[in-house]
Amino acid sequence: MSKLKMENKTCFHCGDDCGGHPITFQEKSFCCNGCKTVFEIFNENDLTCYYDLQNSPGAIPKEIEGKFDFLSQENIIEKLTEFRDDSIEIATLYIPHIHCSSCIWILENLNKLNPNISDSQVNFGKKTVRVTYNSETTNLKSVVLLLSSIGYEPYISLEDFSSGKKHINRSLIYKLGVAAFGFGNIMFLSFPEYFEVNEFWLEQYKPLFRWLMFAMSLPIVFYSAQDYFISAYKGLKAKLLNIDVPIALGVSVLFIRSTIEITFDMGSGFFDSLAGLIFFLLTGKFFQQKTYDFLSFERDYKSYFPIAITKIDKEGNENSIQVYDIKKGDRILIRNEELIPVDGILINGKAKIDYSFVTGESQTVSKQSGDKLFAGGKQTNGVVEMEALKSVEQSYLTQLWSNDVFNKNKEDGFTNITNTISKHFTIAILAIAFIATTFWLFVDSSKAMNVFTAVLIIACPCAIALSAPFTFGNLLRIFGKHKFYVKNASVIEQLAQINTVIFDKTGTITSNKNSNAEYDGERLSDSENIVLKNSLRGSNHPLSRTLYTILKENNIITLDTFEEHIGKGIEAKHETVNMKIGSASFVGNPNQTAILNTTVHVSSNNIYKGKFTFYNSYRKGVSKLFNQLKRHFDLVILSGDNEGELENLKKLLPAKTKLIFNQKPEDKLEFIKYHQSEGAKVLMIGDGLNDAGALAQSDVGIAISEDVNVFSPACDAILDASKFKQLYNYIKTSKSAIKIIKWSFVVSFFYNIIGLYFATTGQLEPVVAAILMPLSSISIVVFTTVATNLLGKRLK
Amino acid sequence: MSVIYILLSVSVVIGVAFFVIFLMAVKSGQYDDDYTPSVRMLFEDELVKKESSNTSKKTKTD
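In order, the protein sequence lines correspond to chains Z and P.
First residue of the first sequence? That's 1 in our numbering, and the numbers climb one at a time after it.
First residue of the second sequence? That's 1001 in our numbering, and the numbers climb one at a time after it.
Hint data in this document are derived by calculation from the structure and do not stem from the laboratory.
Please note: incorrect hints may appear among the correct ones.
What the hints assert, rightly or not - Not everything, but these chain P residues come out facing chain Z in the computed CB check (under 10 Å):
| # | residue |
| --- | --- |
| 1 | Tyr1005 |
| 2 | Ile1006 |
| 3 | Ser1011 |
| 4 | Val1012 |
| 5 | Val1016 |
| 6 | Lys1027 |
| 7 | Tyr1031 |
| 8 | Asp1032 |
| 9 | Asp1033 |
| 10 | Asp1034 |
| 11 | Thr1036 |
| 12 | Phe1043 |
Note that the Cβ used here is the ideal one computed from N, Cα and C, for glycine as well.
Chain Z with its partners taken away, still in its complex shape (with noise of 0.2 Å):
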């Protein structure tokens, strides 16, 4: 009974189990120590409100002895600071764990914690903290050191060394704002002429007024509209008619008439239309861009290697250097959970690496001194000395981002939809504008020019291009809500042209949280199970952990003896049973076979027992929605990792499912590469730097992420975890939204005929222009908001 209450007990400060052992401290429970520090920071310092704004809203503190030890260095120091003088830095820190109002208030009063802080800013959308310091009286590494004890580590990464300050192109924004002033007041300005008010004064100041406008316009077509014209030009000069072409040759007609109109006296122009045209044209535009403040598609290795690392002179100095001044020779120091940064020879210390970003592999790797260490592999056993072999950008996996595919904007070489009914169209407006003057050039040339320019202007495409922008605008954010996270509109239109799927495994279709062990052998006896779990509990050994959660729950047991031989196993004893845990060699297994699954053998009073096989546990709903793509796609799984999952898979997924493994980074790459030769356009789903090469090559890459804050390598898309069955309705739903842009087209093409209507019989008014355009452009935006929330509804 008590048991069960302590076990409820949630930590205070951050949420997590209590488990058996809570610490008490002012009638509240902690999960450890660091919880409770932190919160006698803040009871100190008056800040226990950040418990009011939300419930547990805290992170654990993580250990960081010399972890920032590097920020010391004046040269880091210059590229981290915004802004320096003699008495005051400003530095943005990116932090992980704000994520939520809590989070803001207590970054915000950091000041109550070291006064030397006069200000700080979060912005909660990109996870950032602006912090202004007296760095005469503290600074940048003691502000890093309080944020890190307080549970706010900030990740700071080779990324934000070399990238410099970033530049916000706000020049859409200005552009929607000049449309909007001008349509507005020209607007205004045209309605005497709507309603053809014979009045004295107004036809007195007609010519004021059309001036006016005219002055309005001017910023309008040179300034706001100015994309259009260069992207025609650049469109015409490779050959193309895309969408701008025809929209650039609208806009410059609607000018030149009405400018040659009011200047002859000739009639009010078309000012009001054109400065309304662009208005919706540049809001189409402003509503695709539909960002993620928080989520990066653009990652290589940077964001995930570290800024700077220790290195050991020759008189055995510790000294932290920035990581692309590591040179060959030099010897580096590599702490617990640091990352390796450049290949190289380990010296010193029993080094157990995890190369999950390199290769896939999900098991650590133990090496001994003299063994060859890569990049990117993470140190998870203690301290290890290295000597360095390369340097940083020469490593084996920094090299696969010098790749072409890197380089080249997938973009490029893409013709979307738009752009392909454009060809068509552009040819067919043109046609007809020249056939309609020919015919009044015989019955009535005076209104041959009238004619032609009128089709130009009426056949404008502003509907045709609204189309796109708003079904893939609202798209984005339909899936943005279903964690399915994309970076622009053009990802979308490839998903739906999607033929062939191509699965990562580890990390991927297998979820990294648990795994699944099975036991082969002899039964084990009541007591043998009790020690047999009494010692794993003592273990810190990934494999030991994770047996420990699979097993039932047993009494604890003081044990007599125990002992870990690192590499190899555990030995333990109690009262008459004494058992080996670990290796095959090390429990002495009679029967060695060659296994490619990781095992776990046991032995008791040094008779082999049997072992424990570890298998990869899969998604919930792997098996469905591969079956649900069998039908339309052909699939592949590409793994890095050997063939041990072979059976499990082949049961497990469609029969023509193709089974690759054994795959490097560049193997994957190439790949994708001849599948796409041959025509295929693939999608590919991976979550780790080994797959960053294929999510770059493929047409469509989407990064699997458990935690969406987390770091996920360069892709299109990045889709949470717990959405990964919704898979194959994001794809069905993508093609769906080109079927709305297919009626949307429909739809405007009808305007069009009315319009033409108008337009060739001689009888456009200026009254039905401005009446038309926007009454075309709103029931598109109309139709296709409507449309694609229903297909959001049905996503679920």
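Following the hints, position chain P against chain Z.
Chain P only, in chain Z's frame:
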């Protein structure tokens, strides 16, 4: 008669003034973060409430 010139110029000046204010607001980064300010605004209340409840507790014990 010439009142229309005054009206027109006033309306254009007002329009341009607001437009310039808009441009300045964009430039200052006001639209870059559209979430945090909405939360920050509520904290001032929380702080005051906290302090007042503290003082009220104190007076009770006194």
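Structure-based check of all given hints:
no.: 1; hint: Tyr1005; in the structure: holds, 8 Å
no.: 2; hint: Ile1006; in the structure: violated, 13 Å
no.: 3; hint: Ser1011; in the structure: holds, 8 Å
no.: 4; hint: Val1012; in the structure: holds, 7 Å
no.: 5; hint: Val1016; in the structure: holds, 8 Å
no.: 6; hint: Lys1027; in the structure: holds, 7 Å
no.: 7; hint: Tyr1031; in the structure: holds, 7 Å
no.: 8; hint: Asp1032; in the structure: holds, 7 Å
no.: 9; hint: Asp1033; in the structure: holds, 5 Å
no.: 10; hint: Asp1034; in the structure: holds, 8 Å
no.: 11; hint: Thr1036; in the structure: holds, 4 Å
no.: 12; hint: Phe1043; in the structure: holds, 6 Å
Hint 2 alone, counting from the list given before, is not met by this structure.
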